[in-house]
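A.B. asks: Mind docking chain B on chain A? Use the hints.
Order-wise, the sequence lines are chains A and B.
Residue numbers for the first sequence follow the numbering used here, beginning at 1 and rising by one.
Residue numbers for the second sequence follow the numbering used here, beginning at 1 and rising by one.
None of these hints come from the bench; they were simulated from the model.
On a predicted model such as this, the values are computed, not experimentally measured, just so you know.
Be careful, since some hints might not be right.
In this list, chains with the same sequence are indistinguishable; a pair is considered to hold if it fits within one copy or across any two.
Here are the simulated lysine-lysine pairs, DSS-like style, with alpha carbons at most 30 Å apart [what the hints assert, rightly or not]:
#, residue 1, residue 2
1, K653, K701
2, K351, K339
3, K327, K339
4, K351, K416
5, K416, K371
6, K416, K704
7, K693, K626
8, K222, K626
9, K694, K704
10, K704, K653
11, K386, K653
12, K653, K693
13, K626, K701
14, K371, K327
15, K660, K351
16, K704, K693
Number of protein chains: 2
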Amino acid sequence: VVKRDVTRVVTPGTLIDSSMLGSAGAQYLMAVAPDRKDTFGLAFLDVSTGEFFISSGSGGRDYADLVSEVVRYRPTEAIIPESLQGGLPGRLETLGVTVSRYRDDAFDPDAAYARLCEQFGTTTLEGYGCEGLTAPVAAAGAALRYAQETQQSSLPHISGIASRIPTGNMVLDAITLRNLEITTSIRGSGDGNTLLSVLDTTETSMGSRTMRSFLISPLIGKTAIDERLDAVEHFFDHALERQELRSILGDFSDIERIAGRIAYGNAGPRDLATLKESLECIPDVKSLFSDDAPLLVREALDAMSDHAGVIDLVGRAIVDDPPALAKSGGMIREGFNRKLDELRHLATTGKNWIAEFQQQERERTGIKSLKVGYNRVFGYYIEVTKPNLHLVPPEYERRQTLANAERYTIPDLREKEAMIATAEERLAALEAELYTELVRTLAAHVPDLQATARAVGLLDVYAALGEVAARYGYSRPVIEESGRIIIRDGRHPVVERHLPVPFVPNDTELDAAGDQIMIITGANMAGKSTYMRAVALCCIMAQMGSFVPARHATIGIVDRVFTRVGAFDDLASGQSTFMVEMLELANILNNATPQSLVVLDEIGRGTSTLDGCSIARAVVEFLHGKAVAGSRTLFATHFHDLIDLEGSLARVKNFHFAVKDTGSDVVFLRKIIPGATDRSYGVHVARLAGIPKKVTDRAMKLLKEASGREFSGGPRAPRYTQMLLVDPGEGVVEENPAVR
Amino acid sequence: VVKRDVTRVVTPGTLIDSSMLGSAGAQYLMAVAPDRKDTFGLAFLDVSTGEFFISSGSGGRDYADLVSEVVRYRPTEAIIPESLQGGLPGRLETLGVTVSRYRDDAFDPDAAYARLCEQFGTTTLEGYGCEGLTAPVAAAGAALRYAQETQQSSLPHISGIASRIPTGNMVLDAITLRNLEITTSIRGSGDGNTLLSVLDTTETSMGSRTMRSFLISPLIGKTAIDERLDAVEHFFDHALERQELRSILGDFSDIERIAGRIAYGNAGPRDLATLKESLECIPDVKSLFSDDAPLLVREALDAMSDHAGVIDLVGRAIVDDPPALAKSGGMIREGFNRKLDELRHLATTGKNWIAEFQQQERERTGIKSLKVGYNRVFGYYIEVTKPNLHLVPPEYERRQTLANAERYTIPDLREKEAMIATAEERLAALEAELYTELVRTLAAHVPDLQATARAVGLLDVYAALGEVAARYGYSRPVIEESGRIIIRDGRHPVVERHLPVPFVPNDTELDAAGDQIMIITGANMAGKSTYMRAVALCCIMAQMGSFVPARHATIGIVDRVFTRVGAFDDLASGQSTFMVEMLELANILNNATPQSLVVLDEIGRGTSTLDGCSIARAVVEFLHGKAVAGSRTLFATHFHDLIDLEGSLARVKNFHFAVKDTGSDVVFLRKIIPGATDRSYGVHVARLAGIPKKVTDRAMKLLKEASGREFSGGPRAPRYTQMLLVDPGEGVVEENPAVR
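One chain only, chain A, in its complex shape (with noise of 0.2 Å):
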């Protein structure tokens, strides 16, 4: 008798018999973890193909971010914890999922992350960009154990896993958002020479904040991009509209944060007066603006209100160049409270008293000095310094002594104490009621205020994209729904604001279905580095719905930016600069999509020559992929070996940096040509750099002798020879002495 092992178990999400599968398209097993805070991390996992990614979505609003990716994802069967509660299996079940109820144990993140890196081989998840994302991980985990152990096999063809948790903008990641210096500059050298800084030129603090928000997130729908484009435009077209409302919105309050302290009960007197004095200023915003102005324009100006009651109210109860705080008293204006004007009345009848008394005494005793004054121990007193003390006259009662003089009262003057001290005090508590339900009053306006101070901001920032359109020369991007970048004349928009000279313009032709892949070669310091990340820059800035730094530019949307530029050592948490270097290419590598762009600056630099260049060679080749298209790929590059993949691969071409070498000096063009090169002058930068001549000439020998033996050697792919532009004459190639 033959025994029968069970070798697999056939279920919905893991069959992978061609003959029981139907028509093309992948056969998902979903798994689903639950998250804390009514989130789930989903997995999917195409046993058939190997194909294995995360996504996540919310448990909110009957699990409708959840249903989307089912539906976009079609899974055949879900697999949840078993001790699993709520409607979560139901909903699925409506959807046409096999549910499957499976140990809670697989769904352990630890477990499940472990588990995976066996799989993959690997230390870490972190080149798959799904490092910290626990219940994705935890997901992950359990489908692959499911599938193992339903297959009775270890897969092996399953090696590797994506991240797709979905987002409706474009994701540019914590290394990006550094690399490219969005926010904040890499050297940490404060706030200055960052995207930011440069677009930043909003009026108001909400406009501020709102500015920084589109920079974080692009949108990557083509209508919602055109319509900000739109709005920017109209700002840009119209300058004296444009200065019109930035020089009234230049003296709007924060009026969002006083909102906030307004529903705090915190809101000082002087925030009301300024949040008045801004809320007035509406009527002049909205008239500024005709019928015909561009559709989230005109949204904005609708959600503004006049905010009658406020100004009525505010200007009622609060004096004109108020106190910042309300416990300094004098903020309710005259005519607001009948009984705190008669408080005030008295408190005043009684200072006045005190002056005429001070007088009279003078008069009475001769004194000339003498005068009267208040402290908080003793309350008022009559001060006679020492040379006058003869003149005291018997009634005076001895308070207080001091160096140079006698403190005295008299009963008057205690009577009219206590009359002005209780009239002043119950003045204190009188105004300071008021105010509190003042403030309690404008409390009910609160999302009114907040929704104008979100239409202010949003006006802001198309004024302010329009400003710096106008200022810096920018042009209105064409937004696409296709795999090109066309740029014509691009500038970085950072180092152009710090340049001494003008900054030399580039252009740009990538096509996911074309030119996919630039390979930059050519000197340092040539502008490699500033080329490749003005591209992302624009890309980025146009998916913000701003103008670019470019004569003309066509965006095919992006969906996301990757870029690899360089790292520090981590060195106590154990990684060294090479492996930061490979997590962060394998996390492209994993991730990058048709729709992204990824920019690669010198791949393999830490590793030897051999094992580098190897490296270098396979990514091109694996991001140019056996497909009709494949991510835009801005590749820089000193292995020159690559240079023959423009032979070999479709979608592949050459770019260099143009650089004028009279032999003696070296005069870097900045200009990006076709083509590729041979020279990086290396040693050049290292004597600019201050190394000593010494060791620049023995390495320009060195250099010479080994140039020598490689040209000497066996066959090589022909290659472009520098190309020089020769002429300056017409202005289009200037010769740009900065450094970079």
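C.D. replies: Chain B only, in chain A's frame:
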């Protein structure tokens, strides 16, 4: 008639005719440029050899600093700005220096900077370590101009400048402090992963501050270092004494800060009480030590007064467990001042009267809920709730109406109110006055307190270093005035604290006149960077007076540690990665002395292989030099071509990290061994990081093809292949799976 131009002007400092020069030794022209704040920038130029460096000296103590520089370098001539006031010229002349006044504009800092850059053919002085040294650079510019004018020549042999700003300590510049993660970690991940965090086991704030200052400026005098080591060894040897001292210090308040607050007059009562408690422990501290304690321990003990006066005064004046702030009151002890005691009695009596009054009125009116309260606006009042209003007697005068109650007063209560309020206010005023006077008296003791605080800080550090040494198995280094560094079984003090497995120790043998330069090749992540940093940290720890993480260490004193290990771009300021690397390298090459330790990690990465390799080789040759000794250097590289330097340069030796390569798997053994390797395992690391298998398989194939091509090429220097250490049984070499 032949027309004669002036071809040269002979001045004492610019004499270059060898016939006019006396014996050997440099002939310096000195330039002096005044800074603000009574310091002077100095420049020394030997026109005959082109030797050129800057220094500085303060004007204090009759120019003592400046004079010591003059005595050290013996310039024959000094140039000073025409308009310079003060006694400096006279002082210089008494030293036998010819003083020449030179035009003020030659000392202009900007012009000087530009002149030096032009002379050296660089764009910045960063590479000379001169950035930001305004006055020394001004002096250098003036010296250069003066020499050019007198020699009527551009003096092309003057091609660089060094910084020799005098310091009594090992120089650790900002770059090195950062690279070695001395006080802050590179990734900004907090301070948990720094050398400071490992060493700082001090018990007091004074100790913690002292530890930091020791660490950032280690010593360079053998005697001073040995004295510190004696103190540390004392605590290392005497564990019980160490524990007891640390336990006592654990309760010490921050005497130094409190002394500062006393001096500023803002010390709070609780400060004084904790100060007293700490001072009372001083006899306990002293009693721990016998007379044969090491010198520095005895010095610290001697510097600590018994502070009997302070203890007595605070003990009499301040209550036990006083409030933090003086304005809270109640901090002066009973019996300290009779007047205060009287007022306190009065206030207490008054309060008792109020309590009795409340009881009486309840009984008299029959209102059980009647209560007497106080508020600042209305003073003392009798409160009666609404339901009891019919019981209110006619003599009650209404003062205030609340929602549920009425408040009244009567003459009796008003009278007492005045009495109580006055007593309390006078009490507060007097107590505040007494307290202020107390703090003023204590201010006279501030210098003594500060001396004690410093001594406590020192003892704390010695004990803490003893504690760390005992806890982590450090050993006492042997300090020499030699060019050697010998380490047996050295570890990285920070990395070993964070590894889940034992750290694999390694040996080091460096000698300025022997094995001067270690060229370290080998696999990525094998531990090159960690090894090199461990050596540098060992020197720093030894010279700050700490034991070191090694079985044995002999440290020939290091005047300066230079490191160059990787950098970020400084995009907006216009410096490329490679430029940053070259600037840091230039600074090292221009300033390293035969006493320095130089750590170079993968120099030449940022440019093409040929340029980088040429630069790297030239740098090694330069550091090696032609003389009999040079900077001790650790040089990690992936340029395997460099290993043939071992044959051609006398003081260069190859090393690499052992790897066990089973063909299918690679294990890093983390043991450094002599000889070179030709494998970097970059592709292996890439796979570990999660680079898609497709990419790494392809890279491995490319690598094999390329290796084949290379080895079939022309003749090469003989090279060692990867050695395997294969005696795991002995346990000398452990397999360490932790990354790097």
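A.B. asks: Which of the listed hints are broken here?
C.D. replies: Violated: hints 6, 11, 15.
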